[in-house]
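The listed protein sequences correspond, in order, to chains L and C.
Each residue of the first sequence is one higher than the one before, counting from 1 in this note's numbering.
Each residue of the second sequence is one higher than the one before, counting from 1001 in this note's numbering.
Because the hints were derived from the structure by calculation, they are not lab data.
Certain hints may be false.
Partial list, computed: chain C residues near chain L (C-beta under 7 Å) [unchecked claim]: (1) P1017; (2) N1069; (3) N1071; (4) T1072.
What follows is a set of in silico ranges between Cβ atoms, one per label pair, in the way DEER data are often shown [what the hints assert, rightly or not]: (5) C:K1020 with L:T174: 46 to 54 Å; (6) C:A1048 with L:S214: 29 to 37 Å; (7) C:D1078 with L:D160: 30 to 38 Å; (8) C:S1040 with L:A151: 50 to 58 Å; (9) L:V211 with C:P1052: 24 to 32 Å.
Even for Gly, the Cβ is constructed at its ideal location relative to N, Cα and C.
One letter stands for each residue in the lines below.
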Amino acid sequence: MRVSVITFPGSNCDHDTVDVFADLGHDSRTIWHKDTDLQNPDLVVLPGGFSYGDYLRSGALARFSPVMKEVISFAKKGGYILGICNGFQVLTEAQLLPGSLLANEQLDFVCRHQYIRVETGNSPWTYGLTKGRILDIPIAHKKGRFHLDRAQLEILENNDQVIFRYADEAGQITPEANPNGSVNNIAGICSVNRRILGMMPHPERAATKAVVSSDGYEILKAFESFLASGN
Amino acid sequence: MLKAKIFVQLKPSVLDPQGKAVSGTLSQLGFDTVQSTRISRYIEIVFAEDDPDLLEPKVKEICNTLLANPNTELYHFDIEKVEES
C-alpha cells in the first residue's frame, strides 16, 4: 500500500512511522505540512509529536496547516487515516473524530508501556483481532485525557466506535489502569464510517524487532489484512 | 486601533487538573477558604480597525474557529480602543 505520513513542524514520530511501514514492505513517505499533494495514498498517517509546540491547544494550529485541507477532503471521500498521539489530537481539532484530548488528570507526562484492550473487531484497524485481546503498546503524552460530553459519549459507545481502552494485564478496565483520566478508559476511537482511527498509544513504537513489545504489528497487520480482504 | 481582550475558559463540566493542583498548593499555604481554582487563557489581539460593532463578529469568528474548542471551552471578550504606538 501507499502510505503518506504528514510532517508538521514539531512532529517527531514521522520518520519512525515511515520506517515501520517501509519495513513491512509498503511504499511510505513523509509529506510536508505545506504541501497540498498527498501523493495518492491508500493510508494517511498523522504522526506523534508536538505540532506547533502544542501552542494554544494540542493540534489546534496543525489543524489549519495547508495539507489539512487535502487530508479533510481525503477523509470526506472515505480515505483511511490513522492519527497517533498528536495525530489523534489533530483529528479531533479538525473534527474528523469527536471529543478532545486534555491535560492528563495527574498532570504528569506519562511515558511507559501500557496495556490496551481491543474493544471490537469491527474496524479496519482490528480486523481479525478478537474482542478482549490485550496489547502492550507504549504511551508518551501529557495531554491524552479523552473527553466527550455524556450525550456524545453514549452515541460513541452505542456506535461501537471505541476501538481500544486502557486496561490492566488481565484485561480489566480499572481506574488504576487508566494513565490519564480518559473517560471510560478510552485509548482509541474510530469515525462513524470506521475508516479513521485516532489513538494515544504508539503502535509504531512496538513494531520493530529492536524493542520490547511487538504488539504494534497486530494493529498494522490487521489493517493490511483488511485491505487485502478487499473490504 | 482596537484591542480584543479574550478569555477562554474550560466549561464548568470539564475537569481542570491544573486548577486543582493550584487549589492544593493554596490550601497548603494556609489559604484555607479557597474553594476551587480554574485556570483560563487570556489572549489580546490588536486590530487596525476603529469600529467595535464591526469588529465584534470577527472576534467571535476567531474564537469559534481557532481560539476556543467548542467541545470543552467557553469564551468571552471585551473590545477597547488603544492608542497607535
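List in ascending order the numbers of the hints, as given earlier, that are violated by the structure.
-> 5, 6, 7, 8, 9
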